[in-house]
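Q: Protein chains in written order, with the numbering used here: chain U, 650 to 872; chain C, 650 to 872.
Accuracy of the hints is not assured; some may be wrong.
The list treats identical chains as interchangeable, and a pair is accepted whether it falls inside one copy or across any two copies.
[What the hints assert, rightly or not] DSBU-like cross-link-like pairs, simulated, lysine-lysine; straight-line CA separation at most 30 angstroms:
(1) Lys666 / Lys770
(2) Lys716 / Lys728
(3) Lys728 / Lys705
(4) Lys795 / Lys846
(5) Lys660 / Lys795
(6) Lys716 / Lys660
(7) Lys846 / Lys728
(8) Lys716 / Lys851
(9) Lys846 / Lys655
(10) Lys716 / Lys655
(11) Lys672 / Lys655
(12) Lys660 / Lys851
(13) Lys728 / Lys660
(14) Lys705 / Lys655
No lab work stands behind these hints, which were simulated from the structure alone.
2 protein chains.
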Amino acid sequence: MTEFSKSTYNKVIRGSKRALYDKALVYEILDSHFLCHVPYVHENAAIVIPTAYGRKGDRLLIHGSMKNRMMLSLLEQEKVSLSVAHLDGLVLARSVFHHSVNYRSVVVFGSPVLIEDPAEKMEALEIITENIIAGRWAEAREPNEKELNSTLVIGIDITEASAKVRDEGAVDEAFDHDLDVWAGVLEIEAHPGRAVKNEDCKAGLETPASVLNFRFQNKGVKR
Amino acid sequence: MTEFSKSTYNKVIRGSKRALYDKALVYEILDSHFLCHVPYVHENAAIVIPTAYGRKGDRLLIHGSMKNRMMLSLLEQEKVSLSVAHLDGLVLARSVFHHSVNYRSVVVFGSPVLIEDPAEKMEALEIITENIIAGRWAEAREPNEKELNSTLVIGIDITEASAKVRDEGAVDEAFDHDLDVWAGVLEIEAHPGRAVKNEDCKAGLETPASVLNFRFQNKGVKR
Numbered sequence: 650m651t652e653f654s655k656s657t658y659n660k661v662i663r664g665s666k667r668a669l670y671d672k673a674l675v676y677e678i679l680d681s682h683f684l685c686h687v688p689y690v691h692e693n694a695a696i697v698i699p700t701a702y703g704r705k706g707d708r709l710l711i712h713g714s715m716k717n718r719m720m721l722s723l724l725e726q727e728k729v730s731l732s733v734a735h736l737d738g739l740v741l742a743r744s745v746f747h748h749s750v751n752y753r754s755v756v757v758f759g760s761p762v763l764i765e766d767p768a769e770k771m772e773a774l775e776i777i778t779e780n781i782i783a784g785r786w787a788e789a790r791e792p793n794e795k796e797l798n799s800t801l802v803i804g805i806d807i808t809e810a811s812a813k814v815r816d817e818g819a820v821d822e823a824f825d826h827d828l829d830v831w832a833g834v835l836e837i838e839a840h841p842g843r844a845v846k847n848e849d850c851k852a853g854l855e856t857p858a859s860v861l862n863f864r865f866q867n868k869g870v871k872r
Numbered sequence: 650m651t652e653f654s655k656s657t658y659n660k661v662i663r664g665s666k667r668a669l670y671d672k673a674l675v676y677e678i679l680d681s682h683f684l685c686h687v688p689y690v691h692e693n694a695a696i697v698i699p700t701a702y703g704r705k706g707d708r709l710l711i712h713g714s715m716k717n718r719m720m721l722s723l724l725e726q727e728k729v730s731l732s733v734a735h736l737d738g739l740v741l742a743r744s745v746f747h748h749s750v751n752y753r754s755v756v757v758f759g760s761p762v763l764i765e766d767p768a769e770k771m772e773a774l775e776i777i778t779e780n781i782i783a784g785r786w787a788e789a790r791e792p793n794e795k796e797l798n799s800t801l802v803i804g805i806d807i808t809e810a811s812a813k814v815r816d817e818g819a820v821d822e823a824f825d826h827d828l829d830v831w832a833g834v835l836e837i838e839a840h841p842g843r844a845v846k847n848e849d850c851k852a853g854l855e856t857p858a859s860v861l862n863f864r865f866q867n868k869g870v871k872r
C-alpha cells in the first residue's frame, strides 16, 4: 500500500486540494514530530490531551500511567485517532479573509492494542524516547521492572490516515492585488534553546551528544 | 470568580500536583498562544483538528467554513472542549522513566454559541486575527459582506477549565543521583523566521509593523 484509502473518517472535505493520502508523506510528517493530540470521550464530552509518540512500521506507540483516563478510554474504543501538526508560518494576505497558516498536519485512525509483553514494552519506550531525542536511550538508565510495570503502553495500528499541507505564499482575490498591503509569509521556526544542567547533577558531566545533536521538527523533512 | 470549580471534566487526576485552576493563569496561557486543538465525534470516532482562536472575556472564539464538519458538530453538543499546549523544554533525567517535558497547557470546557450578528462576527474575526498577529487587522482589507456570510463563527462560553504547568529540572530517584548521566532541561523555543514577501506583491511595500513586532508564544507569559 502506498496510499491510504479514503473513508468517512479520513477523507478531507474542506480544503481538499491540500489533502494528501500518500503513505510516505504521512509517515514523513509523523516522523518529524513527537507530540500528538489524542481525543477521547468522557461522559459525553470530547476531550483532547497532548502526548508523546513514536512509530514502528504501521503502528504508533504512546505511553502513560496505568491510571491515565485518556489511555484507558482508548482501550475501550474500536477506532481511535490522533492528530499531529507542524506550524510552519503565518500567511498574511492583502485581505483578512485570505489569511491562513502554512502547516504540515496528519490525522491518523487506527485500532488500539494493549502492549503487555515486557520486551515489547521496553522496545516501545525506546522508540518513543528516541523519537523525542535521538541518542538519549543509550545515555540514560533503562526502566527497571517496577517502572515498566507501572507504565501503560498502547499501540495504534494505523488503518486510515490523511495529511494536509499548505506551503505557499498568500493567495488573494485578483481585485485585491493592487492594494497597498504587504502580503507574504512570516515563517515560524522551533529551535532548541539553552541546555540547563540540573543543579544536583554530578560534577564534571559534559552536555551529552543527544542534546548537542537535537534538531526540532527537522528530521528529514524539508523546511 | 478567580478559580474554576472542579468537575468530572476539568479535575486533573494524573499529575494533580501540577494542576492549577486559577482563572488569571488559565487566561494568561490562552492569551499567549493562538492555535488550539478541538476534539469532536464523527460516527463513533473521536477526531481532533487544530484551529486558530481568540478570547473575549469568558468566551473563546473560533471560525471556519460554513461546511466545516468539526465546526458544525460543535453546535450539536451541549459541552465542548479544547486544548492549548506550549512545549517549553525537554526534561532529560538520569533515568528514562523520569524523562518528561516542560509545558504550559490548558483544557477548557464550555457551551458553544453560534455567532450570527454581522457586527459581532466582524468583532470576533478581528479578535482572532489580532490574537494571531497583533496589528494585522488594521493593515489588511476587512472582510466584505460575502466573505462574512461564508464564515462560520462560534463562541465557546467557558464553564470549566484547568491548567497544567511543568517548569522545573529533572526529578530523579535518590538512588540515581550518582549515575554518570547528565540531567537537565533542553529548552525549546518558537521564533519568527524570515518574512517572505509574495512575488505578486505591489512594488515598494515595506515589511509591515505587525511582522516586525511579532513574537511567538511570548505575549506576557514568562519563558
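Q: Now look at each hint and say whether the structure bears it out.
A: A quick look at each hint next to the structure:
no., hint, in the structure
1, Lys666 / Lys770, "between (39 angstroms within a copy, 27 angstroms between copies)"
2, Lys716 / Lys728, "both (20 angstroms within a copy, 24 angstroms between copies)"
3, Lys728 / Lys705, "within (19 angstroms within a copy, 36 angstroms between copies)"
4, Lys795 / Lys846, "within (27 angstroms within a copy, 56 angstroms between copies)"
5, Lys660 / Lys795, "between (43 angstroms within a copy, 28 angstroms between copies)"
6, Lys716 / Lys660, "between (33 angstroms within a copy, 14 angstroms between copies)"
7, Lys846 / Lys728, "neither (42 angstroms within a copy, 43 angstroms between copies)"
8, Lys716 / Lys851, "neither (33 angstroms within a copy, 58 angstroms between copies)"
9, Lys846 / Lys655, "neither (48 angstroms within a copy, 36 angstroms between copies)"
10, Lys716 / Lys655, "between (34 angstroms within a copy, 19 angstroms between copies)"
11, Lys672 / Lys655, "within (12 angstroms within a copy, 42 angstroms between copies)"
12, Lys660 / Lys851, "neither (53 angstroms within a copy, 38 angstroms between copies)"
13, Lys728 / Lys660, "both (15 angstroms within a copy, 26 angstroms between copies)"
14, Lys705 / Lys655, "within (22 angstroms within a copy, 38 angstroms between copies)"
Hint compliance for this structure: hints 7, 8, 9, 12 are not met, and every other hint is.
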